[in-house]
Amino acid sequence: MTTLDPDIKRRGGRSARKAARAEAAFVHHPTLVRNVPVYDVANAEGVDMIHDLAMRIVEELGVEFRDEESLEIWKTTDAEVDGYKVRVGRDTLLALVGKAPETFTHHARNPDRTVTVGGTNMVVAPSYGPPFVLDLEGVRRHATLDDLNNLQKLNHLAASVHIAGGPIVEPVDVPVPHRHMHMAYSGLKYSDKPIIGNVTSADRARDTIDMCKIVFGDEFATNNCCTTSLINSNSPLVWDQTMLDALKVYAANNHAVLCSPFSMAAASTPASNVGTMAVVTAEALMAIAFAQIIRPGSPMLFGVPAMTVALNTGAPVHGSPDSAIVQFLAGAMARRYRVPHRAIANCATSKTPDMQAGFDSMWGLFPSFLAGAHWITMAGGMIEGTLGLSYAKTVLDFEQVDAFYHFSNGCRFDDLDEIFETIREVGPGGHFLGAAHTRKSNLFIFPSQDNGTFEQWEIEGQKQSDAVGVDKAKAWLAHYEPPPIDDALDQALCEFIARREKELPSKVA
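Just so you know, we're using this note's numbering here: the sequence shown kicks off at 7 and counts up by one.
Heads up, some of the hints might be wrong.
[Stated by the list, open to error] Using 25 Å as the maximum straight-line C-alpha spacing, the simulated DSS-like pairs for lysine-lysine come out as follows:
1) Lys-195 <-> Lys-159
2) Lys-219 <-> Lys-195
3) Lys-480 <-> Lys-159
4) Lys-480 <-> Lys-469
5) Lys-81 <-> Lys-105
6) Lys-480 <-> Lys-195
7) Lys-159 <-> Lys-357
8) Lys-91 <-> Lys-81
9) Lys-105 <-> Lys-91
10) Lys-508 <-> Lys-357
11) Lys-195 <-> Lys-508
12) Lys-508 <-> Lys-219
13) Lys-480 <-> Lys-357
14) Lys-159 <-> Lys-81
[Unchecked claim] Each pair of labels, with its calculated beta carbon distance range:
15) Arg-147 <-> Val-182: 12 to 20 Å
16) Asn-49 <-> Glu-74: 41 to 49 Å
17) Asp-58 <-> Thr-444: 48 to 56 Å
18) Ala-442 <-> Pro-302: 51 to 59 Å
19) Phe-365 <-> Asp-493: 42 to 50 Å
20) Phe-413 <-> Arg-147: 29 to 37 Å
21) Glu-74 <-> Arg-505: 25 to 33 Å
22) Ala-481 <-> Phe-222: 28 to 36 Å
23) Val-47 <-> Pro-117: 54 to 62 Å
24) Lys-480 <-> Asp-88: 54 to 62 Å
25) Val-33 <-> Thr-109: 21 to 29 Å
26) Thr-444 <-> Pro-181: 50 to 58 Å
None of these hints come from the bench; they were simulated from the model.
Just so you know, even glycine gets a beta-carbon here, dropped at the ideal spot from N, CA and C.
Required output: the full structure, derived from the provided sequences and hints.
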């Protein structure tokens, strides 16, 4: 039997092993191909009942499209348009939704980072949109462009995160009319993973497409998915002009859009898991169908940032059993309509990376993975109900994503003979710590999880989770190396931004 190396302690012991893990080379995991079954909270009859209620909503009540051009587009179908309200028969709606692909390819600047979305594939994307950060000094403040770039670097280094951020945070030191270009540039410069587009106006969506054309070429970026963007409805039952303008631009260029109703059960949707799912299904399907009128086959995702409302305060809540049930139901509905499913993970209403932040986040993380979501957003750092982002929580959340990546690979059955021989070698009463099979195993270890004794924890500074996360974020930033980018390409992107900044106002009118 192989024994443990007696020189381990002399080589530095626990501290040396922790330092070695910190110095370990960064890896990038490929798109996760789920190898565990999905979990359902409703049977087929229940899914059909939600579907029927959603169809009654679109047929009898309708969904408002508050944009004149969009209404004219709907009038090219047999939809009934009454003011802003659009009613559609279920046959027409489902025929349109059926044109959206079940899977699509989202291209990256580095082809090795290109991902397939849908089927059994799962990709993970970073935080989205918070205007505040809890920085490396523990100070809560407005986010800046430096924060955006630093967080992009952390995101790039995360092994199980497949997508570069767009609005990882809102850099408030950049004028709003210019901000979208710096978000896109940050994703293209500091990462080589696929990027997220901007949706705050049609012109900003077009600028994002134009930057993709610089990177990928005009024809390619007009016919292939080079961004995936996120639009929210104004639940209940309203799509506004801003979101629709962005949807029209991206759909026309064959870029993917996450069509995500902004559900808050008991506020913007009924105080019911099933009722919430019916409303958001109606809203999401109407947006997906609308995109197919513009360009049949344009990739769309069905998703919902499931939240509830605390009835004692009226505040939105991330992380609850009810929101988890909505995520599971969303997965079931997406599979029914054969469109990719978007979910959210690691959002917390806590104000700091504390115990509440952990369990808030887990109530989003586990249903996202177990429901088989194809695109999981907000995977790192979100606090304050998505108004803030913590550097420390970002990297700690990434470890949880790594753990779920490992979990979703499921069981191995390809080494049973070796396992038997290892058991024979160890024999009764032995141990497996020194066995060759153990040394090459892939049992998951959380890098930042403290498994030592209380006394050792005291010696090492009594660090709690926020301090551990800050140390890890600083170490990652110190080791970050930018992915290669062609100098001419980088210059062309910078020149485009400079030209557009001269053309655009520096303030919102």
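Self-check item: Those earlier numbered hints the structure runs against, lowest number first
Solution: Going through the list in order, the structure violates hints 10, 14 and 23 and respects the others.
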